[in-house]
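Enquirer: Sequence:
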Amino acid sequence: METVNCAILGSRGLVAQRYLQRMVNHSWLNPVSVIGSSSTVGLKISELPWSLDEVRPKLPDIVVKDLVDIDQLIFELKAENVQIIFSAIPEDVAIRVEKRLAREGFVVISHALAHRMDSDVPLVIPTVNSDHLTILESQNYGTGYLISCSNCMVVPIALTLHPLISNFDFLSVNIVTEQSLSGGGRGLLTKGRMGMPINSAIPGESESVVRELNKILGKKYDGIFQEANLGSKVWCSRVTREFGHLASIEVEFVNEISAHKVIEEWQKYSFESFDSRLPSSTNIINFVDGKLDVEEHRWSG
Numbered sequence: 006m007e008t009v010n011c012a013i014l015g016s017r018g019l020v021a022q023r024y025l026q027r028m029v030n031h032s033w034l035n036p037v038s039v040i041g042s043s044s045t046v047g048l049k050i051s052e053l054p055w056s057l058d059e060v061r062p063k064l065p066d067i068v069v070k071d072l073v074d075i076d077q078l079i080f081e082l083k084a085e086n087v088q089i090i091f092s093a094i095p096e097d098v099a100i101r102v103e104k105r106l107a108r109e110g111f112v113v114i115s116h117a118l119a120h121r122m123d124s125d126v127p128l129v130i131p132t133v134n135s136d137h138l139t140i141l142e143s144q145n146y147g148t149g150y151l152i153s154c155s156n157c158m159v160v161p162i163a164l165t166l167h168p169l170i171s172n173f174d175f176l177s178v179n180i181v182t183e184q185s186l187s188g189g190g191r192g193l194l195t196k197g198r199m200g201m202p203i204n205s206a207i208p209g210e211s212e213s214v215v216r217e218l219n220k221i222l223g224k225k226y227d228g229i230f231q232e233a234n235l236g237s238k239v240w241c242s243r244v245t246r247e248f249g250h251l252a253s254i255e256v257e258f259v260n261e262i263s264a265h266k267v268i269e270e271w272q273k274y275s276f277e278s279f280d281s282r283l284p285s286s287t288n289i290i291n292f293v294d295g296k297l298d299v300e301e302h303r304w305s306g
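If you want our numbering, it's the position in the sequence shown, counting the first as 1, plus 5.
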């Protein structure tokens, strides 16, 4: 397959760097453009501080572009034959530019909060609800599309609950999270590394997790996607660990379900409905039997 030229909105943030890390040796995706803030414009991406705990990969010779003149940026991206834009920018900027870029014919995949709950924007975890991509048919962006990615804490919770909600009826779900510094962005990670005090509260996070879970685990009825109603109660807190979130999940079922049956459903569950030809796809869930060690087990996948 020919590679697809891609751009990244964001240059120094953790999500932007994760995009770069995953794409520089990707079989299908070719990063050709990076757009950043005024503090990074004109610098090569290899000159920017690296914040991830993995070794910095060999980065392409890309100079950071400016987002100030959106018309000029669109002209340059089209000249570079960019087809996909991965967005890792703050919400206020995302509101201003993401839909405009979609209308210009780009496929915009956004990690920003801005459009996650818009009814015409699919909020997708590919191995859970790729069928929600049919929502794109209701968008009116010509050849462009806008797709949202979820809160990072929602991903493992949705992966855990999806095989169960597909087979059993829930009465309630209680979730308690421990979220690492990286989830709060580069600034919070730097603050933690400097030994500065960290507030354990994450304002609005619990509400976001509830909303996004209900949307992601929703099903189509009579041609319309309807949100799930998990009856979730969520308590989120920040911990001083640099990387690796942890969630404790308690589910109350309508009917009595044994622990053995729950484990059986997890073991049977596969991602067969998802396209296994994708370079980084998986078709099994990794199980850890016993006490979790976040630092060790976050590499188990």
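Keep in mind that the hints were calculated from the coordinates and are not lab data.
These figures come from a predicted structure and were not determined experimentally.
Ideal placement from N, C-alpha and C gives every residue a C-beta, glycine not left out.
Some hints here could point you the wrong way.
[Unchecked claim] Straight-line Cα separation of at most 27 Å, DSS-like style, residue types lysine-lysine; simulated pairs:
1. Lys273 / Lys104
2. Lys49 / Lys225
3. Lys273 / Lys224
[To be verified] If you anchor each label on the Cβ, the simulated ranges turn out as follows:
4. Val46 / Gln272: 49 to 59 Å
5. Pro131 / Val267: 18 to 28 Å
6. Ala206 / Val9: 18 to 28 Å
7. Pro131 / Gln231: 13 to 23 Å
8. Asp71 / Gly110: 47 to 57 Å
9. Asn291 / Ser135: 15 to 25 Å
Enquirer: The structure should be examined with respect to each hint, and the outcome stated for every one.
Expert: Taking the hints in turn, this is what the structure says about them:
no.	hint	in the structure
1	Lys273 / Lys104	39 Å, violated
2	Lys49 / Lys225	46 Å, violated
3	Lys273 / Lys224	21 Å, holds
4	Val46 / Gln272: 49 to 59 Å	50 Å, holds
5	Pro131 / Val267: 18 to 28 Å	24 Å, holds
6	Ala206 / Val9: 18 to 28 Å	41 Å, violated
7	Pro131 / Gln231: 13 to 23 Å	21 Å, holds
8	Asp71 / Gly110: 47 to 57 Å	21 Å, violated
9	Asn291 / Ser135: 15 to 25 Å	20 Å, holds
Checked against the numbered hints above, the structure violates hints 1, 2, 6, 8; every other hint is satisfied.
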